[in-house]
Amino acid sequence: MRRRIELLGVVLAAACADLNTAPTPSPPVASTLDVALAVGEGAQVDAMMRVAFGGVPADSRCPMTAMCIWGGDGAVAILHGLGTGPWYPDTLHTMLGPRSLIVQGGYRITLLDLAPYPSSLDPIPADAYVARLRVERLMIDRAP
Numbered sequence: 012m013r014r015r016i017e018l019l020g021v022v023l024a025a026a027c028a029d030l031n032t033a034p035t036p037s038p039p040v041a042s043t044l045d046v047a048l049a050v051g052e053g054a055q056v057d058a059m060m061r062v063a064f065g066g067v068p069a070d071s072r073c074p075m076t077a078m079c080i081w082g083g084d085g086a087v088a089i090l091h092g093l094g095t096g097p098w099y100p101d102t103l104h105t106m107l108g109p110r111s112l113i114v115q116g117g118y119r120i121t122l123l124d125l126a127p128y129p130s131s132l133d134p135i136p137a138d139a140y141v142a143r144l145r146v147e148r149l150m151i152d153r154a155p
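Residue numbers (the working numbering): 12 to 155.
I should point out that these hints are in silico values taken from the structure, not numbers from a laboratory.
You may find that some hints are simply not true.
Computed spacing ranges between beta-carbons, pair by pair [said to hold, decoys possible]:
hint: 1; residue 1: Thr43; residue 2: Ala77; range: 29 to 37 Å
hint: 2; residue 1: Asp101; residue 2: Ser42; range: 15 to 23 Å
hint: 3; residue 1: Met75; residue 2: Leu107; range: 17 to 25 Å
hint: 4; residue 1: Ala126; residue 2: Leu93; range: 25 to 33 Å
hint: 5; residue 1: Cys73; residue 2: Gly94; range: 39 to 47 Å
We treat Cβ as the ideally placed atom computed from N, Cα and C, and that holds for glycine.
All chains, full assembly: derive it from the sequences and hints.
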């Protein structure tokens, strides 16, 4: 019986240790820019990074006038690139992952909002969307 109690104590201590483990911290941010882009628009974030909003390939967000089992998801197609280099496509999501990603050059791009929010079952015109993005330059140690 005593052995079972000791074993239970070890298991509980291990479980509590996992609960107290701090999550891995995000890298510190050197600069931040929030931009609102209509479909087809782009922004020069700083001397190197540029980002553009390519459109919404899928929007299953639950309309405000409907009762849904889940909130749905909006997929936002973005393009990002460094300097005069090539554009790289990615997709961010309103509900499903990823909502943000770290891209070349040490930048994090986060989808803050996708407007307009569906108010009825009528589809939103493709050119009516506006994506609010946050682009952060991360302070990443580049020591050799």
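Each hint tested on the structure:
1. Between Thr43 and Ala77 the Cβ separation comes to about 35 Å, which falls inside the hinted range of 29 to 37 Å.
2. The hinted window of 15 to 23 Å between Asp101 and Ser42 holds, with their beta carbons roughly 20 Å apart.
3. Checked against the hint of 17 to 25 Å, the C-beta distance between Met75 and Leu107 comes to roughly 20 Å, which is consistent with it.
4. A hinted range of 25 to 33 Å holds for the C-beta pair Ala126 and Leu93, which are about 28 Å apart.
5. Restraint check, Cys73 to Gly94: a C-beta distance of roughly 40 Å satisfies the suggested window 39 to 47 Å.
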